[in-house]
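Engineer: Residue-level listing of the chains:
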Amino acid sequence: MSIQQFIDNEVKSNDVVLFMKGTPQFPQCGFSGQVVQILDHLGVSYKGINVLESDDLREGIKAYAQWPTIPQLYVKGEFVGGCDIIREMFQAGELQEVLKDVAGKPVSA
Amino acid sequence: MPMDANEIERLIKSRIPDASVTIRDLAGDGDHYAATVIAESFRGKSRVQQHQLVYEALKGQMGGALHALALQTGIPNN
Chain Z
5 MSIQQFIDNE
15 VKSNDVVLFM
25 KGTPQFPQCG
35 FSGQVVQILD
45 HLGVSYKGIN
55 VLESDDLREG
65 IKAYAQWPTI
75 PQLYVKGEFV
85 GGCDIIREMF
95 QAGELQEVLK
105 DVAGKPVSA
Chain W
6 MPMDANEIER
16 LIKSRIPDAS
26 VTIRDLAGDG
36 DHYAATVIAE
46 SFRGKSRVQQ
56 HQLVYEALKG
66 QMGGALHALA
76 LQTGIPNN
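These protein sequences, in sequence, are chains Z and W. When you read off a place in the first sequence, starting at 1, and then add 4, the result is the number in the working numbering. When you read off a place in the second sequence, starting at 1, and then add 5, the result is the number in the working numbering.
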């Protein structure tokens, strides 16, 4: 399986996926950590994928979304944004909207 | 290799001529910036598309020469 296929498969088979540096328990970058905090605050269940585990993955995810930075959040197969956009959307209440249909967990507004 | 704030502004404006660009050097080290980019031509575009235009303007410097650029985009209020 190519790295693009691997990414595509993860994004499409999980409702909420965060490609990040480090893990949700131990973020290794401040930007990734901010998104983890927001998702945890909202009580969303999500899959965190550590791009530091593979150079292929770290470069592949940038090509996948045509997006040069990490973290990257995907909801129901769609790229939602990186750290700045997620924070802005959270502050505006828009992220809560995007996540409200996600199975499994209630999202408080 | 750090990047000069003026160079960042120049690159952004070369791709988005109507952009009004404000850049702050967050750490004073020429390596961690926050940029606000306001442009009428962003109208009708999603945030992701707006940011992608700015990243495009930076021509791959993002994540390379430019370690950290906190980005905020928007359209003019009036």
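Treat the hints as calculated values from the structure; they're not laboratory data. Given the structure is predicted, the values throughout are model-derived calculations rather than measurements. For each residue, glycine too, the CB sits at the ideal point set by N, CA and C. A portion of the hints provided could be inaccurate.
What the hints assert, rightly or not - Cβ-Cβ distance ranges computed for the label pairs, FRET-style:
1) W/69 with Z/27: 20 to 30 angstroms
2) W/34 with Z/81: 30 to 40 angstroms
3) W/45 with Z/98: 20 to 30 angstroms
4) Z/45 with W/23: 28 to 38 angstroms
What the hints assert, rightly or not - Here are some chain Z residues pointing at chain W (derived, C-beta under 10 angstroms):
5) 68
6) 71
7) 89
Claimed, not checked - In silico DSSO-like pairs for lysine-lysine, Cα to Cα no more than 27 angstroms straight-line:
8) Z/66 with Z/51
9) Z/66 with W/18
10) W/18 with Z/16
11) W/18 with Z/104
12) Z/66 with Z/80
13) Z/104 with W/50
14) Z/66 with Z/16
15) W/18 with Z/80
Engineer: Each of the hints needs a verdict: does it hold here or not?
Structural biologist: Results for each hint:
1. W/69 with Z/27: 20 to 30 angstroms: holds, 25 angstroms
2. W/34 with Z/81: 30 to 40 angstroms: Since residue 34 of chain W and residue 81 of chain Z have Cβ atoms about 38 angstroms apart, the given range 30 to 40 angstroms holds.
3. W/45 with Z/98: 20 to 30 angstroms: Hint holds: Cβ distance 22 angstroms, inside 20 to 30 angstroms.
4. Z/45 with W/23: 28 to 38 angstroms: Since the Cβ atoms of residue 45 of chain Z and residue 23 of chain W sit about 36 angstroms apart, the hinted range of 28 to 38 angstroms holds.
5. 68: violated, 13 angstroms
6. 71: holds, 7 angstroms
7. 89: This interface hint holds because 5 angstroms falls under the 10 angstroms limit.
8. Z/66 with Z/51: Distance of about 18 angstroms is within 27 angstroms: holds.
9. Z/66 with W/18: holds, 24 angstroms
10. W/18 with Z/16: violated, 36 angstroms
11. W/18 with Z/104: violated, 37 angstroms
12. Z/66 with Z/80: holds, 18 angstroms
13. Z/104 with W/50: Distance of about 23 angstroms is within 27 angstroms: holds.
14. Z/66 with Z/16: holds, 17 angstroms
15. W/18 with Z/80: violated, 34 angstroms
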